[in-house]
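Chemist: Using the sequences and the hints, build the whole thing.
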Amino acid sequence: MREPRIITLLSDFGLKDVYVGVMKGIIATINPDAHLIDLTHQINPQDIVGGRFSLMNAYPHFPKSTVHLAVVDPGVGSKRRGVAIQVAGGYLVGPDNGLFSGILSFFPPLIAVSLTNKQYWYKENPSYTFHGRDIFAAVAAHLSQGIPIQILGDVIDPESLLRLSIPDLEINPEGIKGSIQYIDYFGNLITNIPQSALTSKNWTIKVGELIISPDETYSNVPLGELVAVVGSQGWVEIAVNGGSAQSKLGLGVGDSILMLRRTQRKT
Amino acid sequence: MREPRIITLLSDFGLKDVYVGVMKGIIATINPDAHLIDLTHQINPQDIVGGRFSLMNAYPHFPKSTVHLAVVDPGVGSKRRGVAIQVAGGYLVGPDNGLFSGILSFFPPLIAVSLTNKQYWYKENPSYTFHGRDIFAAVAAHLSQGIPIQILGDVIDPESLLRLSIPDLEINPEGIKGSIQYIDYFGNLITNIPQSALTSKNWTIKVGELIISPDETYSNVPLGELVAVVGSQGWVEIAVNGGSAQSKLGLGVGDSILMLRRTQRKT
Amino acid sequence: MREPRIITLLSDFGLKDVYVGVMKGIIATINPDAHLIDLTHQINPQDIVGGRFSLMNAYPHFPKSTVHLAVVDPGVGSKRRGVAIQVAGGYLVGPDNGLFSGILSFFPPLIAVSLTNKQYWYKENPSYTFHGRDIFAAVAAHLSQGIPIQILGDVIDPESLLRLSIPDLEINPEGIKGSIQYIDYFGNLITNIPQSALTSKNWTIKVGELIISPDETYSNVPLGELVAVVGSQGWVEIAVNGGSAQSKLGLGVGDSILMLRRTQRKT
Numbered sequence: 000m001r002e003p004r005i006i007t008l009l010s011d012f013g014l015k016d017v018y019v020g021v022m023k024g025i026i027a028t029i030n031p032d033a034h035l036i037d038l039t040h041q042i043n044p045q046d047i048v049g050g051r052f053s054l055m056n057a058y059p060h061f062p063k064s065t066v067h068l069a070v071v072d073p074g075v076g077s078k079r080r081g082v083a084i085q086v087a088g089g090y091l092v093g094p095d096n097g098l099f100s101g102i103l104s105f106f107p108p109l110i111a112v113s114l115t116n117k118q119y120w121y122k123e124n125p126s127y128t129f130h131g132r133d134i135f136a137a138v139a140a141h142l143s144q145g146i147p148i149q150i151l152g153d154v155i156d157p158e159s160l161l162r163l164s165i166p167d168l169e170i171n172p173e174g175i176k177g178s179i180q181y182i183d184y185f186g187n188l189i190t191n192i193p194q195s196a197l198t199s200k201n202w203t204i205k206v207g208e209l210i211i212s213p214d215e216t217y218s219n220v221p222l223g224e225l226v227a228v229v230g231s232q233g234w235v236e237i238a239v240n241g242g243s244a245q246s247k248l249g250l251g252v253g254d255s256i257l258m259l260r261r262t263q264r265k266t
Numbered sequence: 000m001r002e003p004r005i006i007t008l009l010s011d012f013g014l015k016d017v018y019v020g021v022m023k024g025i026i027a028t029i030n031p032d033a034h035l036i037d038l039t040h041q042i043n044p045q046d047i048v049g050g051r052f053s054l055m056n057a058y059p060h061f062p063k064s065t066v067h068l069a070v071v072d073p074g075v076g077s078k079r080r081g082v083a084i085q086v087a088g089g090y091l092v093g094p095d096n097g098l099f100s101g102i103l104s105f106f107p108p109l110i111a112v113s114l115t116n117k118q119y120w121y122k123e124n125p126s127y128t129f130h131g132r133d134i135f136a137a138v139a140a141h142l143s144q145g146i147p148i149q150i151l152g153d154v155i156d157p158e159s160l161l162r163l164s165i166p167d168l169e170i171n172p173e174g175i176k177g178s179i180q181y182i183d184y185f186g187n188l189i190t191n192i193p194q195s196a197l198t199s200k201n202w203t204i205k206v207g208e209l210i211i212s213p214d215e216t217y218s219n220v221p222l223g224e225l226v227a228v229v230g231s232q233g234w235v236e237i238a239v240n241g242g243s244a245q246s247k248l249g250l251g252v253g254d255s256i257l258m259l260r261r262t263q264r265k266t
Numbered sequence: 000m001r002e003p004r005i006i007t008l009l010s011d012f013g014l015k016d017v018y019v020g021v022m023k024g025i026i027a028t029i030n031p032d033a034h035l036i037d038l039t040h041q042i043n044p045q046d047i048v049g050g051r052f053s054l055m056n057a058y059p060h061f062p063k064s065t066v067h068l069a070v071v072d073p074g075v076g077s078k079r080r081g082v083a084i085q086v087a088g089g090y091l092v093g094p095d096n097g098l099f100s101g102i103l104s105f106f107p108p109l110i111a112v113s114l115t116n117k118q119y120w121y122k123e124n125p126s127y128t129f130h131g132r133d134i135f136a137a138v139a140a141h142l143s144q145g146i147p148i149q150i151l152g153d154v155i156d157p158e159s160l161l162r163l164s165i166p167d168l169e170i171n172p173e174g175i176k177g178s179i180q181y182i183d184y185f186g187n188l189i190t191n192i193p194q195s196a197l198t199s200k201n202w203t204i205k206v207g208e209l210i211i212s213p214d215e216t217y218s219n220v221p222l223g224e225l226v227a228v229v230g231s232q233g234w235v236e237i238a239v240n241g242g243s244a245q246s247k248l249g250l251g252v253g254d255s256i257l258m259l260r261r262t263q264r265k266t
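Residue numbers (numbering that gives the first Met the number 0), protein chains in the order written: chain A, 0 to 266; chain B, 0 to 266; chain C, 0 to 266.
Because the hints were derived from the structure by calculation, they are not lab data. All clues given are correct.
If chains are identical, the list can't say which one is meant, so a pair holds when it fits in one copy or spans any two.
List of simulated lysine-lysine pairs, DSSO-like, C-alpha gap at most 27 Å:
| id | residue 1 | residue 2 |
| --- | --- | --- |
| 1 | Lys247 | Lys15 |
| 2 | Lys200 | Lys78 |
| 3 | Lys122 | Lys63 |
Modeler: Structure representation (structure tokens):
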């Protein structure tokens, strides 16, 4: 059976310039049968944490052997490595700066390679500012054609891959202290508290002095009201029915929130 | 002959998050040969009327048997139905909230199905907030592979599909009272007066005390000037050559306008 | 061997409306095997100079026989011609308004045709405002299927194609007077001074009273600092590490800059 030949693309390049289109031209030149799917190109400029979150959430929904090409690369032109990583069900290509560490926390790296074999680059003398074009796009295209990952360069210890340390959850008797890890397009505030941390349905979210009650879905509360839900990506999030929780609460990534366990009241 | 296997996507998800990419991953897993074409993901959040307008205008330009997947879904998680609809030349998949009623006013539904067969869902226990991923994307992918629509759930009376009532035109002896139904990226104000309502070339648009004269195209009037044209989608629209009619007039969706018939002057 | 069947799309249509999706529907109806790649649809409205720059930079990275469909078309509906142009390695389709003149300055036109053969249009009576849909998309699709370009209309003298005159560089003993020709999504100020004009590594950029030193890459200077680099597209550009040079300097397209040659100091 024909393998799927999907390459996803994620970057902070935006959609105004032709940078993304150029990467696609290079890929299509190498592998005309590649199926290109954009994850997003609107990661905030140089926001590795946001890129890490987005990749982690998208990864499980793609078929096996998909190649994920990701370029949020503030260190381009410096000594940071370019890498290709094989994980269960897919390949990752991009800078070794923590961008993939969300995926790697769920899917451990099987093989990791430093991209030193110039034969698979687009330009033997890459620019100092656009390795997405000069190295990563070409490498992803070659991988999507089924070449062995080891041929792309020096095999490295997967333990040496850079991991981003995300603020840990602080578990207290009364609840969990967490923080906001991502704010989506709708202004939903996505926390770092996973669904699995909710041991019962008796919980609330405390933000400053405000207590926000949980519900199953936005539309169960009146328009304009705050609600805490377990979002579609499996994290506790704060939302406003028909509005933006970000605008309403004025919170940002990294701000603290509390999940309070409610004790059963005996009446 | 090979059938076209196009799936179009329309939503209010924006392009910042990976929501759209995830839907594409699910589709490509089910049908690797699907050809995915984005209509837009920048429908204003929860703006069913804008989504309805955009779908209606895009629909006629796609090949037969295209599947149109549309998710503007403020009622997600509530009791609103998910539906698949067969119309002449295509299939529609999404929430039953009026989003498709523009298409249906031109292309009557042939078969309508409530999406109750979980075998064709992505998740048997869908999230409360993202049926685009958990139900609609998978259903669209299966339809694009040629499965019969009836297998997707309970066949329902097409008359029961929710229709949005758009403000009707009010036809007077002196002209037609209409309103603005959409404002495009360029700031063109698109009215709900169709080209077919223009019985002669002798007409003007009245907005407040302002009279706007018609012309065949923007560039026939000086830069910065207002002009009324029959737009490419077949509606009377108000435009500014090289500028934005929205900014110039400060009007919004729903605001009233008048089309005045000019009587032939005898001199 | 199968020819690549890529059609790139560039426009100022934005992504809010379905205009781009509609062009893709028409292309897919004519040639279901076309591989569609967006360059950008966020050229500033009617900015032919920005479109020209973007096309010129993207063009070299696409495989031979790619069809480049570009629609930035302030003169739509007027007498300006629609054209198809064959160049080494590709085809260009769009309005004859200078949009292609950047590509043509590097890749001279081999054959140019005025699009007068209505048989290859989408609508025999095109709208006055959307030739992208009614003429250009269909023509690009037919070209991607391998029809001879001459069949599309009247062969015209390639010398008659409209060229945009970009402000020339002014070369003085002390350096080169140039200007900013494009500002990208990151706020990098891209000048019209090509890498080939740098005869040594001893140069600086002067903007007003400010002297900006060159470096190989953004990340070699402290966060927030200005730096001049040779950008990935081969032009001298002014950047800020981790920030926007546009915001920092308040400059726009067309503003003057000086490249100063530094004489070797003898100490």
